[in-house]
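Asker: The lines below spell out each chain.
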Amino acid sequence: MKYSRRLEIFREVKARHTGFLTSVLWKLTSDREIFTEALQYALLGIWQNVEKLNSKKAGAYIYRIALTANSKAWRNRIGRNGQISQAQVSIDKDPSDKVSESELEEKVRLAVAQLPAKQARAIVMRYLEQQSYKDVAEKLRCSEAGARSNVARALATLKSKLATLAKRER
Amino acid sequence: MNGENIEEILKNLGSEDVPPDVHKIAEETAESFSKTLMPSRQHLLWRTIMKSRITKPAAAAVIIIAVLIGVYRSGGSIDGAGVLWGQVAEKIGRIPVVVYRRTVIQPQGGLGSAIDRQVVYLSSEYGIRRDEYHGGGLSRRDEVSIDTSDHKIRVHKFDFGERPGSVARVEIKDSTQSPKQGIEIDEYFKLWLEKQSAERGKRGKNWEDWLQSSWYIFPAENIWFIVRHPLSPKHRGQCFCKLLADEKIPQWHEGMDAREWIKQALSLDYKQLGRDNIDGIEVEGVEIRGRNLGIPPLPRRNDEMVVRFWVDIETDLPVRYEAVVFSERSGDWAIVADQFQWHEEVDPSIFEPNLPGDYFLANVTVPKDGQKVTIKEGAELLDGLRLFAELTDGRYPNSMPVAIVEGCKAFTKKHGGQTEELSEKRLEIVETLASSALFHGKLVNSPKYVAGKPVGKDNDVAYYGGRVRVEDADSVLLRWKVSDNQYRVIYGDLNTENVSAERLAELENPSSQ
Numbered sequence: 033m034k035y036s037r038r039l040e041i042f043r044e045v046k047a048r049h050t051g052f053l054t055s056v057l058w059k060l061t062s063d064r065e066i067f068t069e070a071l072q073y074a075l076l077g078i079w080q081n082v083e084k085l086n087s088k089k090a091g092a093y094i095y096r097i098a099l100t101a102n103s104k105a106w107r108n109r110i111g112r113n114g115q116i117s118q119a120q121v122s123i124d125k126d127p128s129d130k131v132s133e134s135e136l137e138e139k140v141r142l143a144v145a146q147l148p149a150k151q152a153r154a155i156v157m158r159y160l161e162q163q164s165y166k167d168v169a170e171k172l173r174c175s176e177a178g179a180r181s182n183v184a185r186a187l188a189t190l191k192s193k194l195a196t197l198a199k200r201e202r
Numbered sequence: 409m410n411g412e413n414i415e416e417i418l419k420n421l422g423s424e425d426v427p428p429d430v431h432k433i434a435e436e437t438a439e440s441f442s443k444t445l446m447p448s449r450q451h452l453l454w455r456t457i458m459k460s461r462i463t464k465p466a467a468a469a470v471i472i473i474a475v476l477i478g479v480y481r482s483g484g485s486i487d488g489a490g491v492l493w494g495q496v497a498e499k500i501g502r503i504p505v506v507v508y509r510r511t512v513i514q515p516q517g518g519l520g521s522a523i524d525r526q527v528v529y530l531s532s533e534y535g536i537r538r539d540e541y542h543g544g545g546l547s548r549r550d551e552v553s554i555d556t557s558d559h560k561i562r563v564h565k566f567d568f569g570e571r572p573g574s575v576a577r578v579e580i581k582d583s584t585q586s587p588k589q590g591i592e593i594d595e596y597f598k599l600w601l602e603k604q605s606a607e608r609g610k611r612g613k614n615w616e617d618w619l620q621s622s623w624y625i626f627p628a629e630n631i632w633f634i635v636r637h638p639l640s641p642k643h644r645g646q647c648f649c650k651l652l653a654d655e656k657i658p659q660w661h662e663g664m665d666a667r668e669w670i671k672q673a674l675s676l677d678y679k680q681l682g683r684d685n686i687d688g689i690e691v692e693g694v695e696i697r698g699r700n701l702g703i704p705p706l707p708r709r710n711d712e713m714v715v716r717f718w719v720d721i722e723t724d725l726p727v728r729y730e731a732v733v734f735s736e737r738s739g740d741w742a743i744v745a746d747q748f749q750w751h752e753e754v755d756p757s758i759f760e761p762n763l764p765g766d767y768f769l770a771n772v773t774v775p776k777d778g779q780k781v782t783i784k785e786g787a788e789l790l791d792g793l794r795l796f797a798e799l800t801d802g803r804y805p806n807s808m809p810v811a812i813v814e815g816c817k818a819f820t821k822k823h824g825g826q827t828e829e830l831s832e833k834r835l836e837i838v839e840t841l842a843s844s845a846l847f848h849g850k851l852v853n854s855p856k857y858v859a860g861k862p863v864g865k866d867n868d869v870a871y872y873g874g875r876v877r878v879e880d881a882d883s884v885l886l887r888w889k890v891s892d893n894q895y896r897v898i899y900g901d902l903n904t905e906n907v908s909a910e911r912l913a914e915l916e917n918p919s920s921q
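Protein sequences, first through last, are from chains H and L. Quick note, the working numbering runs 32 ahead of the 1-based positions in the first sequence. Quick note, the working numbering runs 408 ahead of the 1-based positions in the second sequence.
Calculated directly from the structure, the hints in this document are not laboratory data. Mixed in with the good hints there might be a few duds.
[What the hints assert, rightly or not] In the DSSO-like style, the derived pairs of lysine-lysine whose C-alpha atoms are separated by at most 27 Å in a straight line are:
id, chain 1, residue 1, chain 2, residue 2
1, H, LYS193, L, LYS419
2, L, LYS833, H, LYS89
3, H, LYS46, H, LYS104
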């Protein structure tokens with residue numbers, strides 16, 4: 033495909049999806065720096081996959097791009113070993129201390145960034161975007177039962193990741 | 409925390425509104441990103457038709473002047489009065505071959521920073537090769553400075569990355585920040601290599617002796633080929649072949665092509681740094697500062713960045729290029745490119761991997777339906793060899809790990825450009841050749857290593873593809889040991905037979921009969 037044509041499609045796709053990306057990435061990051069980085073990765077992802085985003089499957093790809101961008105941005109913050117830097121995220125020194133709601137949300141966001149791709153998409157569609165299982169199934173290209181199963185597995189994975197995070201902090 | 413809590417928290421996240429300033433950040437980021445996609449970034453995908461045979465060793469020396477001709481030493485400012493900045497980008501854009509050395513400091517995703525030496529060979533005709541040499545590790549206690557007054561990179565308070573949990577800092581020092589502290593980068597590499605020699609076996613005293621891997625990009629074939637030469641015997645000789653999606657090639661090219669960096673840097677507002685002297689060459693420099701400059705090879709980040717480069721006032725050709733990204737959060741990132749060589753022509757063999765017999769293909773990936781797929785090895789050894797011979801009018805690969813590269817080149821030579829149909833055909837070829845090469849790799853890679861020590865049997869594999877052709881029905885093309893005194897032999901005409909060790913010796917040395 034000619035460069036000028038790719039550029040044209042990129043502009044169209046960007047105009048169509050920037051609102052969606054902003055909303056999803058903000059909900060997944062809630063931090064201006066990580067958000068900016070994730071958005072840059074997402075724009076790069078759009079540029080790299082511009083042909084696919086001009087097809088009928090665009091809806092599914094944009095989720096994939098957004099979630100990959102989110103994971104990359106978080107990974108830059110937390111390191112590839114999955115550990116959060118002590119300096120970057122506040123950690124409860126005493127496990128008996130009650131963690132605040134915002135800290136819990138931060139931990140959930142971090143755990144979502146570490147989920148397998150399909151489970152992350154299922155969680156975002158179902159909870160962050162509050163879509164019906166029917167819509168989730170359509171976007172994940174699976175049955176409604178499959179969508180329910182993906183969401184359930186994602187919740188279980190999240191729970192286990194959060195437990196691991198809590199253990200590390202102790 | 410239980411499952412219900414998680415669902416509740418997720419719902420809370422979902423109901424969160426985007427603050428107005430975040431919308432503004434998003435708009436600015438999107439706008440800024442779009443600007444970096446200016447049409448000048450487009451690259452020509454080269455038609456590469458290889459004519460030369462492989463002649464160079466894998467660990468080629470950095471200096472290749474002997475094989476290069478037509479070094480540019482003319483065409484600069486008529487009276488040497490100064491650099492004609494308006495003409496620099498245009499001039500270097502016309503030069504087909506550039507070779508340069510670079511020193512890279514790069515954060516390792518929360519695991520400290522790496523400091524490495526690389527040599528890049530870039531040809532508009534043959535592709536890209538990047539040799540990576542073992543470097544050192546840095547941590548937060550370390551600081552690297554790039555000194556403006558004498559153009560030296562220095563490392564301060566180094567501990568060879570013994571505390572890898574944090575990242576190194578990079579500082580640009582100007583002439584007022586004397587006295588100079590720390591040790592120069594070459595001295596640092598020497599100390600680090602001494603430590604490596606003591607711990608892991610000697611190679612040599614200079615960084616050039618410590619080749620770690622060579623990366624090749626073949627743009628016409630969309631192939632990225634990696635050869636590893638690490639210290640550990642467990643991984644020595646591993647080769648990796650990756651078929652890239654079309655859009656990855658321009659990115660790769662851009663990251664390596666110093667001509668493109670300079671062209672893009674000069675399209676922005678720059679400040680002239682005046683005249684200076686670098687290694688005896690009189691130069692003039694420019695500097696660009698800002699956030700998210702979008703100039704390769706800098707990463708696209710919204711961090712403060714500085715790009716500076718110096719051009720020979722006699723030739724208008726770049727002599728040194730420095731780029732630094734300052735990021736308190738994810739670590740500073742720097743690249744210093746120097747020892748530039750600008751040439752008219754190059755020996756094509758530099759861009760062709762020439763591998764020792766015990767090197768093997770360990771992994772192949774292809775982009776399929778947007779996914780990367782690892783091809784499993786199969787028993788289709790003969791199918792791959794037969795296909796290769798068809799593509800090359802009776803030849804076999806010079807070595808099995810490069811079967812995919814050489815086979816795809818032969819295909820490009822026969823069928824030319826890139827249409828969708830040809831891409832699909834190329835994918836089929838890659839898969840067939842991959843099965844062959846991976847099977848060979850499996851044979852070579854036995855014995856396996858456990859904790860650095862070899863275990864299991866040696867298959868005693870030998871491959872003679874460089875000198876055996878289809879018509880050589882009595883010559884051994886490939887053989888390996890199947891039991892104590894039995895060898896499996898594949899002949900040039902692809903017939904196969906099990907023979908004794910004595911018979912094999914006769915077949916491999918016909919003159920001794």
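Asker: All hints, please: hold or fail.
Answerer: Structure-based check of each hint:
| no. | hint | result |
| --- | --- | --- |
| 1 | LYS193/H <-> LYS419/L | holds, 18 Å |
| 2 | LYS833/L <-> LYS89/H | holds, 24 Å |
| 3 | LYS46/H <-> LYS104/H | holds, 20 Å |
Every hint from the earlier list agrees with this structure, and none is contradicted.
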